[in-house]
Amino acid sequence: MTQTLSVESVGKRFGDLHALRDVSFDANAGEVIGVVGANGAGKTTLLSIIAGAQQPSSGCVRGPAMHNGRGIGWVPQQPAVYSKLSVAENLRLFAHLEGIAKPEPAVSRMLEQVGLQGRARELVEHLSGGNRQRVNVAVGLIADPPVLVLDEPSAALDPGQRERLWQFIGERAGDGTSVVFSTHMLHEAQLFANRVIVLDRGELLFDGPPLELIREAARGGGDGGGDRGVGPGGHGRDGADGGVGPGGHGRDGADLEHALVAFLEARGR
Amino acid sequence: MRWLLRKDALILARSRLLVALLIVYPVAIALLIGFAISRAPSRPRVAIVDETPPGQTVQVGSQRVDVHQYAHQLFSQVQSVDVHTRAEAIEKVKSAQVLAAIVIPPDIGSRLGSGVAQAHLELIYNGNALVQSLVQSQLRSALAQANLGFSEQIQQAAASAIDVLLRGGNLGVLGAPNLVGLSSIPGMLQRVIAHQPPGADRATLQKVAAFANFAAQNLQLSKNVLSTVGQPIQVRSVLLHGRRTPLDTFAVVVAVTISLMFVCVLLAAGGVALEREEHALTRLLRGLVSREALLAEKSSLAAACGFVVAFALLAGVSAFVALDWSRAGLWLAALAVGALAFGTLGVAIGALAREVRASSLLAFLLSLPLAFLALVPAGSVASGLYEATRVISFAFPFKASLQALDSAVNSASPGLGISVAHLAGLTLAFGVIARLGLRGAAD
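Residue numbers (my numbering), protein chains in the order written: chain D, 3 to 271; chain X, -6 to 436.
Be careful, since some hints might not be right.
Stated by the list, open to error - Under 10 Å between C-beta atoms, here's a sample of chain X residues computed to sit facing chain D: (1) -5; (2) 4; (3) 5; (4) 7; (5) 273; (6) 278; (7) 280; (8) 281.
Keep in mind the hints are simulated off the structure, nothing from the lab. The beta carbon of each residue, even a glycine, is placed where N, CA and C say it ideally should be.
Could you put together the complete structure from these sequences and hints?
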């Protein structure tokens, strides 16, 4: 098991507002981590800091392959690609900017992986929302990073596109990429994540497997904060063991949703 | 930065409407300025009713002026339409076939010739205040020229008469005897006096000779007095500082600088704002590109586009206005430095405005007043207000760019070096502002 990411006591303040407070966790190769929480919980802020798009007010993010924002693939919620460029041109541009030694093979590989070979020359502005998101994901992965951070990647996708996206992400995780994603769709976290991180008002309240959160909620919410002790890499699970993929866990997504509500209510949230 | 430049050039090439605007706008400005400079203002159509008898002349001294011919010469500033009667003229004014009508009454010749009565013209016009102002302005000018013309003719006739009085000869009146010139009288009298014995007659003749001598000398001076009366005020121009800039080439410089400003500022501001709108700024600034490199790339691209457009405009306008192509190297230097300063102002606007529409609006709202303020002449507003316009103009690149280009094209002051140094300072200042605007760009 190789540790690829370490988030250490990260805090973020916007004036008087504490967007994040002392958040810590680790990620290992092949692990898929779902970050869940209500609007304003700090999910996007946390992922932006991990991706290097924002600087933390305190704490730091470390990783063996990380250097000045590189080494982490970043897929923001809104497709961050140029609509007046073609799919291939976008990939080629970011391949050059990422400093990839041989850009063309990387472009071809990503086109194949996201299934857009046939549309490589189309301008992004002519693509559907789902296909734009695929380009967005492909740009995030062009440098073949050991850690992939996705902010609500399936928000704009239809069910079929969502399924293909999660299949693709599962394949990457299977190849050893650590995946950290945020979502409002708790069934996705339950189905595809090995671990879930529950954020509320900038605080990390839970870090563990989805089933453990469900059990915690069933026990009545535990000791009201004891789960914060679930530390970085504390579960010792390999992402590949989690059976990432559509329906891989055979669980009902509603369980996690009810569990999260009960978990937060038990803590007076 | 090379790949970003290539990307932006590609996006620009695919934004056909924007490219068309970037080409059409300066060309339109160039044509407008060119035509405005090269064509004289159109002459208003004015009906002329000449009620003077055919062949009527006015005697001015020894000269005879044909009234009808003189009237047409007089109204050469208007497009004259001959009509026969006053009623016909009024009808043409009412039906807007002409802007105004002028009636030359039949007694104008006798009045002018009398030397004691003023001649009158009747002006009939219609229309709004603008039309009235235009017609009145043109006709006042024509009348002033006519008065001056008559004055000159009278002056010439008087001068001829004085010459005859001084040198002797015929005044041009049939049957009149040849006159003895006043200037020769003292000599003639001296010869007569020499044969006179001393006495009362001799003393009287000597007094007459002295008076004739005095009169001849002063009559000579009266010719100068006449020319002073004919044109009592003459303007003598003294340029205190600076070099003369021809109005037409200065207009070219203004047009080119305005185009340079719009292209550079809008393109640079839009370029930075577009990165935000495409959500790509965050992706770029997380280690792929430094903020300084991004700003330099945007301002350089905008400056390059503005430079090309402005130079093409300058070259295009040179078809209408004679420009000194031997100074083309200086034009290029002035345009390049000005373009970079405008580009940096644009990226500062784009970094602060954060989205394309807001940045475009801000660029327009800022650019137009800057151009107007920089063109406010000294003395046209209160001194405090003028000082305020100077301070504002100093803090933005328009006036410095205008002065740099004016210096490069027209050798105007201040020199190119001073303006270039000023622009370099402004480029640095706006670069810092842009960098500060992007400080929290990824947050």
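Results for each hint:
1. -5: holds, 8 Å
2. 4: holds, 4 Å
3. 5: holds, 9 Å
4. 7: holds, 5 Å
5. 273: holds, 5 Å
6. 278: Status holds, d = 7 Å.
7. 280: holds, 3 Å
8. 281: holds, 4 Å
Going down the numbered hints, you'll see the structure goes against none, and every one checks out.
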